[in-house]
Structure formats: structure tokens, C-alpha cells
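Chains as they are written, first to last, in the numbering used here: chain C, 1 to 317; chain A, 318 to 449.
Not one of these hints is a red herring.
Below, computed lysine to any residue pairings styled on SDA-like, alpha-carbon distance capped at 20 Å:
| no. | chain 1 | residue 1 | chain 2 | residue 2 |
| --- | --- | --- | --- | --- |
| 1 | A | K340 | C | G92 |
| 2 | C | K310 | C | I267 |
| 3 | A | K322 | C | R17 |
Keep in mind that the hints were calculated from the coordinates and are not lab data.
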Amino acid sequence: MDLAERVLAGDKRGVARLISLIEAEDEDAFVQLGKLHSRTGKAHIIGVTGPPGSGKSTIVDRMAKAFRQMDKKVGIIAVDPTSPFTGGAILGDRIRMLDLTLDEGVFIRSMGTRGHLGGLSRAASGAVKVLDAFGMDIILIETVGAGQSEVEIVSHAHTTIIVEMPGLGDEIQTIKAGIMEIGDIFVINKADRQGADKTAMEIQAMLGLNPEKPEWEPPILQTIARTNKGIDALVEKAMEHYDYLKKSGNFENILEQGIREELEVLIKNQLGRLMGQVVDRERQDEFINKIMEKELDPYTAANILMENVKGKLCDGD
Amino acid sequence: MSERKIRILIAKPGLDGHDRGAKIVARALRDAGFEVIYTGLHQTPEQIVETAIQEDVDAIGLSCLSGAHMTLFPKVTKLLKEKGIDDILVTGGGIVPKEDIPKLKEAGIDMVFGPGTPLDDIINYHKEQIRK
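Based on the provided sequences and hints, a complete structural model is requested.
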């Protein structure tokens, strides 16, 4: 049995191994993913993002439990940062999800970003597909602790939840571009702390500044994930959002956009690898020296190297 | 294909709450370029094995300072064996009397790192064994 068949047969080790191969960018991984493609598309993919320490992992844990109560199978992908210096990582999101470990209807995978920016790892979208084909009804993706511009999650999730907490900056933070623009649902977690209402009001005011009235008005919820307070309402809203997407026809738009971006990324990755093969490294080194000595500027150098690459590609080499 | 990363699960089975050693080892392995899945305190052997499967780790590092290592460590290797898993390296650390070490090895624990083990020894051991 190959790995795709093992995934479809419900073999957890097969799922785990295939995700590792995707992370290693093994060629066979893409062959296996190709085989799984027709079996994907059934899961509701929910992204959970927000600043470090806002309670993303705990919210994911509590949401997973609520979905399990409804007898839905839950896949979780939890991303933590990889050190840019050593390549190592501590993947610690599972600590908040220990009770889920032995639940047969739950599969949790931790991933390091491995140099990828944007809040996810490069392999995250492949891992989502594997869990989808594995039969998970709900897939929760937890991003790394996100600041302002880690917005990649939107192109991977149907529903994006932004987790905030009281006391992180004033209302100017909420009108900045970036992460505040991508929320389908806003959650103010740790709502027992001072300032929760104020934070909710600021987000409300920010959303109210939108000159167009959106079809879906992002709700702003308050939760205390530690004690499960507000989690049922959050899960309900997430499901409501999914229904809205399906009924409004926006689901197809998201899907199409997602595929468009995915293809673009795949082509770029291949081009990147190709570049490694066709760029004249000796000449590059020579240029680096010249640029250091101010005999050449980097822009001209890049153009010369690219001319060379184009020539090679057009010759069919 | 990018370089294969070593993935290791660091877990503390049983009831003692002394996780400083486990954290220091986790941190050292991180700095050596490993991906460390850290699950912290009070893990049952069942949870440890299930986590190792889902995370597709190359190795499991168990830490125990309560004296229950003779029960808990072999339980982990036994569960792995029952699930037909023979490609995960299992090591232990903590307060383990010398005379227990041969018995643990017999039970399938690949290596025991006692107090005072240089961190480099732990790192190098895993690199050597896993690259094989």
C-alpha cells in the first residue's frame, strides 16, 4: 500500500508519515497528494490566529472538544516558530490539548515554520489536504503567534478567527492594515481581564469604519477559554459562517482563489529550484566581489544574471 | 528535497513535577536544530505513544525523577511494540540507579542519560543513531 492508500484506509501512521514527507519536500509526497486531491473538499477549515499568549491553543482545544460533542472528527495543525538561527523549534501547542491525545476522532500535528513567513509553514496546506482526505470534518489551523502582517491563513481557511485579548494597544492598532482585515470572527479571550469591553468596542468601531456594508458582518465575541466560557457561541458562529459561505456562493470564490494561489506557489517553488540549477554561481560570486568594490551595482548584476538564465531556459536546457 | 529534520518528543510520564531537566534538554536539542515536541508534565505512556505516532517523531525522550521509571519507561516501549513500531529511538533521563540501567535496556530503552550528562552527549547520540 502506498501512503495515499494508507491515509484513505484510516492509517494514522500513514497520515503522520505523509505529512513528514511533505515537510521535507520529498517528490513522492506530491505524487501522493495528487492521488488524494479528488478525495478532499469535505472539511470545514478554520484558521485561528492572533498574538502570542492570547490563548489560541486553548481556544483550539476547547473548540475541538465542542465539535467532538457533535460527533465531528477534528484535525488540528498547530504551527510554532522555527529558529532562524539554528533551524530548531520547540513545538509546544499540544500542552494545551493533552486531553485530546487519546481521542480516536482527533489527529493533532505540530509543525515548525521552517523559515516560512506569513504565520504558517510551507507544508501546512498539504497537511490540511491529508487530514481532509483522512476524513476529518473540521480542521483547525493554529498559526504562530501573529503580529500584524501574518495574514496567509486566509488563503488556507474557510473561516478565520482572530483571537485578541484586553489591553494590547489602543484603537489605532485596530485600524492598521493587516491582520485586523482578515477576521470572519473576532474573539476577545481572557475576557475576565480588565478592558475586554473596551477592546470589543474598539474592534466594533474599526469594523464600522468600513464604507461598504459587508454581506457577512464579523461578530465580536468574548471568551474565557480556560473555563470554556463563550466557546459554544464561538463554535456556533464558525458553523454559521460556513453556512453563509455555502449559501452566498462565496465558498466557490474562496475555493477558486485558494487554488489560484496554490498553483502560483507551486510554480514559484519549482522556478526557485530551477533557478538554483541555472544561475551561474561562479559569475554570481564574481559579481558579489565587484558589488563590494563598487565596480558594479546589484541591480545591473541581477539583470545580467537573469539574461543568462532566460537564454538557458529558452534553449530548452 | 530540504534537509531532513530530526523530530523528538520530550515527555514526562508519571506524577513528579520536576520538569527543569526536561526543559533544559528540550532547549538544548532545539539549539542543535531539532524539532522538539514538548508535552510537559503528567503524561501517561498511552498519551506518549499516541503523540509519537501523530507527530511522526524519530525519537522519544522520557524524563522521570520520581523513581517510577522501572514501571513507566518499559510501558512505553511495550506499547510501541504492540503497535508494531520499531523505528523510534527511546531514551530516558532522570534519577535512575545504575543497577536499573541494564534492565531498562533489556526492556527496549535504547539509552539512559543520568544526572550530569553533558548536553552534547545527548545531542550527538541522537544525531548518530537517527542518521544511521
